[in-house]
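Asks: Take a look at the letters that make up each chain.
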Amino acid sequence: MKGSIIILSFFALGLILGVTDTLPDFLRETDFSMYALYILMFLVGIGIGADRKSWKVIRTINVKIFLVPLGVMVGTAIGVTIVSLFLPNLTIREAMAVGAGYGYYSLSSIFITQMHGETLGVMALLSNIIREVATLLLTPLFVKYFGKLAGIMSGGATAMDTTLPIITRYSGKDYAIISLFSGIVLTILVPVIITFILHTSL
Amino acid sequence: MITVLLLMVAGILAGWWLGKFPLVMKINDKLISWAIYVLLFLLGVGVGTNKMVIQSLDSIGLQALLLTIGALAGSIAMGWIIYRAFFHLNNN
Numbered sequence: 009m010k011g012s013i014i015i016l017s018f019f020a021l022g023l024i025l026g027v028t029d030t031l032p033d034f035l036r037e038t039d040f041s042m043y044a045l046y047i048l049m050f051l052v053g054i055g056i057g058a059d060r061k062s063w064k065v066i067r068t069i070n071v072k073i074f075l076v077p078l079g080v081m082v083g084t085a086i087g088v089t090i091v092s093l094f095l096p097n098l099t100i101r102e103a104m105a106v107g108a109g110y111g112y113y114s115l116s117s118i119f120i121t122q123m124h125g126e127t128l129g130v131m132a133l134l135s136n137i138i139r140e141v142a143t144l145l146l147t148p149l150f151v152k153y154f155g156k157l158a159g160i161m162s163g164g165a166t167a168m169d170t171t172l173p174i175i176t177r178y179s180g181k182d183y184a185i186i187s188l189f190s191g192i193v194l195t196i197l198v199p200v201i202i203t204f205i206l207h208t209s210l
Numbered sequence: 481m482i483t484v485l486l487l488m489v490a491g492i493l494a495g496w497w498l499g500k501f502p503l504v505m506k507i508n509d510k511l512i513s514w515a516i517y518v519l520l521f522l523l524g525v526g527v528g529t530n531k532m533v534i535q536s537l538d539s540i541g542l543q544a545l546l547l548t549i550g551a552l553a554g555s556i557a558m559g560w561i562i563y564r565a566f567f568h569l570n571n572n
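First to last, the protein sequences are chains A and B.
Using our numbering, the first residue of the first sequence is number 9, and each one after it goes up by one.
Using our numbering, the first residue of the second sequence is number 481, and each one after it goes up by one.
Keep in mind that the hints were calculated from the coordinates and are not lab data.
For glycine and all other residues, C-beta sits at the position ideal for the given N, C-alpha and C.
Treat each hint with caution, since some may be false.
Claimed, not checked - The calculated label-pair distances, taken between Cβ atoms and stated as ranges, are:
1. B:M532 with A:D182: 34 to 44 Å
2. A:I66 with B:I482: 44 to 54 Å
3. B:D538 with A:T99: 37 to 47 Å
4. A:R177 with B:N530: 38 to 48 Å
5. B:S539 with A:V82: 41 to 51 Å
6. A:A20 with B:A565: 39 to 49 Å
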C-alpha cells in the first residue's frame, strides 16, 4: 500500500509538471524511458535469479498447483474480453494486455506505454492498482463466498508480496505456498505475456 | 521488446550468481525502486503533456475499473472451479 502511494506520487508529480509545462528542457527533448526500461528489466531479472526462496518454492511443488496461475490467466482473459465487448473504444487485444498486468501495475503500465502508447499505459496503471487495492480490501469476502483460492486469484502477481499477508490470514497458512507460487509465476510472466499480446507481428 | 525479455533472462542468470552477496541484492532492490519511480514519473510527464490523454482521463479511469471488475470476476470464478475440483475434495 505504501509502495503504491509512493509510485502514484511520482506519476502525479510527472503529470503536474507536464500539465503546467514547467519541465526542464532536457526532459522534453530526450526520451530516456526505453533505456530506463532496459535497466529495470535487467535489475528485475537479477532479483528473480537471486531469490533462492522462490526457486525452492517452485521446486517443491506438484503439478496441480500450476492450475492456480493458469486459472488467473484464463479467468482474467475471459473476464476482460467480455467487458471489452461493451467498450467500443477498446479492442480485445488491448483489454487483454491491460488484464495481463495481473496487478503488477508498475511494470505492466511501463511495458504497455512503450509498446502501445500512453492511453493504454495509464489504463493499465489504474486497472492494476485497483486490482491490488480490491484484493487488499475484499479478500475476506472473496474467500468467504468463493473458496480459499479466491484471494490468490484476485491478487494475481501481487499474491507473492503485497497481498500475501491478507491472503494467508483469510485462507490459512496452508495456502501461503500456493499464493507465493502463483504470484511468482505470474510476476515472471507479466512482461512475456504482454509482449506476446501486443507484439504486432504475431 | 524481445531485447527487454532477453535482458531479463540475462539478469536472472547474473542474479543466480549475485544472490550470494546480500549487499549487492540490497542495492539491487533500491535501484529497482528508483528505476520504477523514474519510469512512472516519465509516464506522468508523457501523460501530462498529452492533451488527448488528459481530456479523456475520466473515461480511461472508468474503462480501467470495468476491466478490473471483469478480470476479478473471471479469475475468482476460475479459482472457485479449481478449488471445488482439485483442492476442496482432497481435504475431506
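Asks: Hints numbered earlier in the text: which of these fail when held up against the supplied structure?
Replies: 1, 2, 3 and 5
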